[in-house]
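J.: Chains as they are written, first to last, in our numbering: chain A, 98 to 203; chain B, 4 to 214.
A portion of the hints provided could be inaccurate.
As the list claims (entries may be wrong) - FRET-style restraints, in silico, Cβ to Cβ: (1) B:THR45 x A:ARG175: 34 to 42 Å; (2) A:ARG175 x B:LYS37: 41 to 49 Å; (3) B:LEU23 x A:GLU118: 26 to 34 Å; (4) A:ARG155 x B:SER139: 26 to 34 Å; (5) B:MET29 x A:GLY179: 36 to 44 Å; (6) B:LEU108 x A:ARG175: 32 to 40 Å; (7) B:THR94 x A:GLY157: 33 to 41 Å; (8) A:ARG155 x B:LEU127: 30 to 38 Å; (9) B:MET29 x A:PRO136: 48 to 56 Å; (10) B:ARG185 x A:LYS158: 53 to 61 Å; (11) A:GLY157 x B:PHE200: 35 to 43 Å.
Please keep in mind that the hints were generated in silico from the structure rather than gathered at the bench. Yeah, the Cβ is synthetic: ideal placement off N, Cα and C, and Gly gets one too.
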Amino acid sequence: MNMVFKALSDPTRRHVLELLEKRPMSAGDLAEHFKVSKPTMSAHFAVLREAGLISSERQGKSVVYALQLSVLEDALLRFAKGFGWRLQGAAPVPSKKRPLREVLNP
Amino acid sequence: MNSVTPRYSHPVKMAVSGMLAITAVMVAVAIATKLNAIDAATTKRALGLAVAAMVALIGNLLPKLRPLSSSGADPTKTIAAELLTGRILVTAGIADAGLFLFAPLHVARFGAGLIGVGAILIILTSVASLAWRAMSGEKSAAAPGVGISASNRKVVVYLLFAFAYAFASACVAFLVDEGARRDALANWMTIGYTVLFAVLFAMLNRKRPAR
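With the rest of the complex left out, here is chain A:
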């Protein structure tokens, strides 16, 4: 459960989950919504996948991610969104690139 809380504690990762709620997306499509480097996005995906919140599948040249939330995790995500962890407006784009260490240990 620690990994789930860690994964949900970051706004970028929560925004990734919000995007995947609409439909499964490739890594490239997801990365277009953020102004962070590809390695940083990969690190975010790794954290989400390790927590079991998303699943991935290689389809041709790209990796497609899909939401894989249990009912409890879905409720936690909604709770997080509803109680102050809300994303800053509709632009969840960090102003500058963050080092990998900072992303993994916010």
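Chain A is already provided as a structure; the job is to place chain B on it using the hints.
T.: Same frame as chain A, but now just chain B:
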């Protein structure tokens, strides 16, 4: 399509071990009753709670197990249907647990039976509408969904089949108090499930002709 996830994924292992643990509790309660260690009313409450725990556990993990991922329907809609089914089962499980903990036994059994039948009907309607859309060839704008590996899929299908049998049988047992009628219904259900299992087994193990 190559799955990146391991052979037996974490949610599948959790669901199987949870089901086995709850079944072990049920067997232990049945043995204790045979040995006159606990009275009939406590047995009924304990079994009701075990069924409620099973319903909540499977409901919680259902969206992770992705049982509809290979249905051919729009992946966005299958994910939504799985989440809805999971929420219904978790709510039913919690409500059943509350009834068996706090309500008089006859009210708890009748209420749990009604909740169970209601949940089954809503889930069947949701899955049937999804299947109808998939069969009518509704096109999806979404990317292809992420499925589960073949070995995981087999385990998930058998697990959910066993769960459906246990849940439906429990609902009948809760609703029908009269022994002879309940036994007759149970016999018919067993026959029906055996036939369904044979069909399912044949479908899952059929060999596709080499191209």
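J.: Against this structure, judge whether each hint is valid.
T.: Each hint tested on the structure:
1. B:THR45 x A:ARG175: 34 to 42 Å: Holds - the Cβ-Cβ distance for B:THR45 and A:ARG175, about 37 Å, lies within 34 to 42 Å.
2. A:ARG175 x B:LYS37: 41 to 49 Å: holds (45 Å)
3. B:LEU23 x A:GLU118: 26 to 34 Å: At roughly 32 Å between Cβ atoms, A:GLU118 and B:LEU23 fall inside 26 to 34 Å, so the hint holds.
4. A:ARG155 x B:SER139: 26 to 34 Å: holds (30 Å)
5. B:MET29 x A:GLY179: 36 to 44 Å: Taking Cβ atoms as reference, B:MET29 and A:GLY179 lie about 37 Å apart, which means the hint holds.
6. B:LEU108 x A:ARG175: 32 to 40 Å: At 35 Å between Cβs, range holds.
7. B:THR94 x A:GLY157: 33 to 41 Å: Holds: the Cβ-Cβ distance is about 40 Å, inside 33 to 41 Å.
8. A:ARG155 x B:LEU127: 30 to 38 Å: holds (34 Å)
9. B:MET29 x A:PRO136: 48 to 56 Å: Distance hint for B:MET29, A:PRO136 holds at roughly 50 Å.
10. B:ARG185 x A:LYS158: 53 to 61 Å: holds (58 Å)
11. A:GLY157 x B:PHE200: 35 to 43 Å: Since A:GLY157 and B:PHE200 have Cβ atoms about 37 Å apart, the given range 35 to 43 Å holds.
Hint compliance for this structure: no hint is broken.
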